[in-house]
Amino acid sequence: MHLLIFAILFPFLAAALIPLIHRRLGPLNIGWLVLAVPFILFGIFAWQIPGISSGDTITAALNWIPSLGINFSIYLDGLSLILALLITGMGTLVILYSIYYLSPTDSLPHFYAYLLLFMGAMLGVVLSDNLLVLYVFWELTSISSFLLIAFWFHRKNSRYGAQKSLLITVFGGFGMLAGFLMLHTMTGTFSVREIVSTIGQYSDHALFYPAMFLVLLGAFTKSAQFPFHIWLPDAMEAPTPVSAYLHSATMVKAGIYLVARFTPIFGGTSAWFWTVTLVGLVTLFWGSFCAVRQTDLKALLAYSTVSQLGLIMSLFGMGSAALHFGDGEAGAVYGLATFAALFHLVNHSTFKGALFMVVGIVDHQVGTRDIRRLGGLMAFLPITFTFAVIGSFSMAGLPLFNGFLSKEMFFTASVNAASLPAFSAETWGWLIPVIAWTASVLTFVYCMIIVFRTFFGKHQPKKLDKKPVEPPFGMLVSPAILSILIVGVFFAPNLLGDHLLRPALNGVLPGITGAAPHISAWHGFNTELWMTIGIIVVGFLLYKYLRIWKKVYAIIPEGWTFNALYNKFLESLEENSNWLTSKYMTGYLPHYFAYIFGFFILAAGGTLLLTGALSIDFTTDTPIPSYEVILAVVMAIAAIAILFVKSRLTSVLLNGVLGYSIAIFFVLFRAPDLALTQLVIETVTTALFLLCFYFLPEWKPEKASKNLKIRNAVIAVAGGLTVTLIALSVRAGNLYDSISSYYEDAYELAGGKNIVNAILGDFRGFDTMLETLVLFIAGLGVYTLIRIKGGKETRKNED
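Residue numbers for the sequence shown follow my numbering, so the first one is 1 and each next one is one higher.
Everything labelled a hint here was simulated from the structure, so no lab data went into it. The hints are all genuine.
BS3-like mimics (lysine-lysine), calculated; alpha carbons at most 30 Å apart, straight line:
#	residue 1	residue 2
1	K463	K156
2	K550	K458
3	K583	K568
4	K550	K462
5	K463	K550
6	K583	K706
7	K544	K462
8	K466	K156
9	K583	K709
Computed from a prediction, not measured in an experiment: that's the story for all the values here.
Please put together the full structure from these sequences, using the hints given.
This is how it looks when you write it as structure tokens:
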């Protein structure tokens, strides 16, 4: 097995083993063993850095459904390597943090199993080259994140947040799947690499733009882009380690990755440029605007995550313009935005991961995340305060922190996009730097709220649930490592740029050279620096007078929010579904039969008539003997008579007439084994019917209205006629030769002298095995029910 395939499967294998080894560990926290999984995987991917940075790519494949072009194909280049390192590196730090954060009373085996399941799914997303395999892992991330968000399922908000995230992301995933199938229809392949190499000849295809927007639907829902951002704040009901992992470094980056990976396919078009850029900018502004009003630190970080994801998304949109100009000076200028997106993607994972862990420490050590109850914690949590300053100032884009470098590149890209000589940017392009600057001012404001409202001001011990003290050393290790990276990247950014960002850029903008600059903190007094200075000045004033202008939030009615719209939609859906269900789920069995047979008549009969399949030919039929006609008439009379008898005993006997008549037909058709089976079954069922009916109360037939009787008669006749016409049409339309001659060689093919046994045991062996399996599962169910009943009685006796 190839090392990369092992890397994807390893977390799934470890998750499956957790329940087996948990009980044998005794007092040892299972997290210490789980910690080895991402640590080993990080080492595996880090080992690939030298080769990838030199321009190599690594591929591997396992056959899955080769006849349909679906194989487990793995592709590692610079772009997927960055995401793989984030998934495993942040996974290592989050698991270490969770060991000290989670309580021993929590279900730790479930937590770590879900976390490893999610880790493996994310690795599958970023490493898969096959579209359908990517989709399978994509939806698996939604399912595993649902389990993680709802980990504290006893909380109503946790269940609500998990449901919302699942509904929105799976909805987008279905759209993305449709886009993938359209791409396959256009190109004839599921391989992303093959699609990239041939997409130029399909840019005028009728499915090109529908596929583009459906793929973007999947990316926008997963990465919480406006207006699908509403699931992310509610997902913060998950434990803080989950938020630090899923909602800062991994799951929300899946949509970002999808846009980056598909930029070589759809980039260079006006639709891709404006859709991705504008959705990203609107998300950037709206997320920062909503973050300022939050009073819960975790909710504030949630909206800040939405905002930062919008920033990265807009950069990928602006950078896609490089593919329009091709390799050259213009391509390099606009390709800088893509480099900045990759740079900020890494930086965001470091400072946002550290901030989530800081908020988790505050909540864990103080007992609340409510900003209104906090204040003056710097004296009690000095180390945590240091991490908060580093993370917040990096997110605000201040010097000495890595966020400053990528934020300056963001301003450069937005200024360049404003003067883009394509896509009608000369008309509306000026909005890009304006929105970018405005949102950055609000970003500065909420970063100051995190630091000063939490750690400065007056200490309020009466409003706190616990006396604030620093957490155990182990809980500080992970945010300490992230804080060191935040500062370290600022002073040595090209170490990251040359070995990871530059190779990743080649995966997003293939053929565009010169778009990866030498990163430096000082470029003189340029436009970008003045924009940063303006952010600090205006942001400080807005923070100082926050109580005055914050009243603007009261203008927006509560009922006009997207959350209210989502809740109204679900309520309306539930009410209408209940109303519709009550119309056909009447509890009256004849109604259900009417629906079933009515649908069958319309579907089967309609298909038979509309497709021209109705074809009746009696010329090749053999003559029907008179005794077969008599037997058929007897069966018809018995079947019709059952409808009119008023005695259960009579109906059972008439039903037996039908069964025994079928057995006689088997005898006439020279199938004695089937006749014997039919006789045994009919005898047993008739006896069981009589036994059951003996204990039933007196039967009083319901009086049906004349209209109901007419309706039932019409359905019955139409149903019988439909089945008869289908049978006659099938009999007349011999499209294929009979396979009976094949089974005549049963002795030579299967070594069986009894052709029936050979068919059941060899030719239909797989089907027979599944039937046996069904019986086995049913037996397990019966055995389980017996044991459960016995267990309840035992416990009752013990009580």
